[in-house]
Amino acid sequence: MKRLALVALMLFAGCENSRSKLEGSTKGGGGGSGEKADDEQIAAALRGIEGRLTSLEMAHKAVASTEGQQVADRVQRIEAGLVRREEALGFLEMAYAQQKQQQDQQEAQEPDDAAVFAVDISKALAANQSEGPNSALVTIIEAWDFA
Amino acid sequence: MNMVVHPDTVQVAHQYSCAAGKQGKFIEYKHTFWEKGFGAYASSGGKDRGALGEDNILKFAGEAGFDTQKLKADANSAACKQRIDEDQNELRKFRVNGTPAFFINGKHIGGGIPKAAFKQIIDEKLAIAEQSGVSGGEYYEKEIMGKGVRQFRSKKDRPKQP
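Read top to bottom, the protein sequences are chains A and B.
Going by my numbering, the letters in the first sequence line up with residues 1 to 147, in that order.
Going by my numbering, the letters in the second sequence line up with residues 1001 to 1162, in that order.
Simulated from the structure, these hints should not be mistaken for laboratory data.
Listed below are the simulated DSS-like cross-link pairs for lysine-lysine, each with C-alpha atoms no more than 30 Å apart in a straight line:
1) B:K1025 to B:K1070
2) B:K1147 to A:K123
3) B:K1155 to B:K1142
4) A:K123 to B:K1030
5) B:K1072 to A:K123
6) B:K1093 to A:K123
7) B:K1070 to B:K1059
8) A:K123 to B:K1025
9) B:K1160 to A:K100
Here are some, though not all, of the chain A residues that point toward chain B, as calculated from beta-carbon distances under 8 Å:
10) P111
11) V116
12) V119
13) D120
14) N128
15) A136
16) T139
17) I140
18) I141
For each residue, glycine too, the CB sits at the ideal point set by N, CA and C.
So here's chain A without its partners, still in its complex pose:
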């Protein structure tokens, strides 16, 4: 118990003897030459802080300006790329439309592969213009010319 009481006493004494540096400045500097020195130190520290802040602000502005320009350049490049792609796409669409039109025209001329065309051969058969047995399962019609 004695030892605890001694530690508590020492702590109390420490609190009473030390003063905060801020305490002096807020009380209007009513102290002696020690307080004045403290104020000057604080003022110097504040000036230092302000100086560093100003430097930081300037550095930040410089960085922000450079980054902004970089972003603007990048956006410009992307936009230019998009314009080129738009042009290329437009060209491809036009080429596709032309190709499709040609294909449609060609398909309109070509016989349907899947169609079964019923060509009447009854008159040719009646005129004996045929070859092979009538019982054949496959009939080949030939359109021929003699030249």
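We have chain A already, so just place chain B on it with the hints.
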């Protein structure tokens, strides 16, 4: 079927093919004409147009045992001229405008194709016909004329599959 692409040179030859049919010798006539008519014409480099004409046809037909008098009369008859017109009108419905052209059980082949491709189509059509159960004598009339399209149909106009 008769498809006269060059009427100025071979109209007569077509009429004689009709006349040959009336003697039951259509195929013999075709083969003989190719050899002694068109063959002679081609050998001359296209100069000997007489090889395609009536006199030469009657000459080689006589040598081949045709009744040339009847052949000449039939070839120049209205019936044979009409026969050729009928073929051309029928083929025109399917937009056949060049030779050779073929229809293999209704499948249109325009122009010459490799022999293997030709055989493949014949085999495919034969397999379909065999599976149909319809006899050969009735197959063309029932399956091709009965179910096929009676005029040209393009790839573009092909009915859409459901």
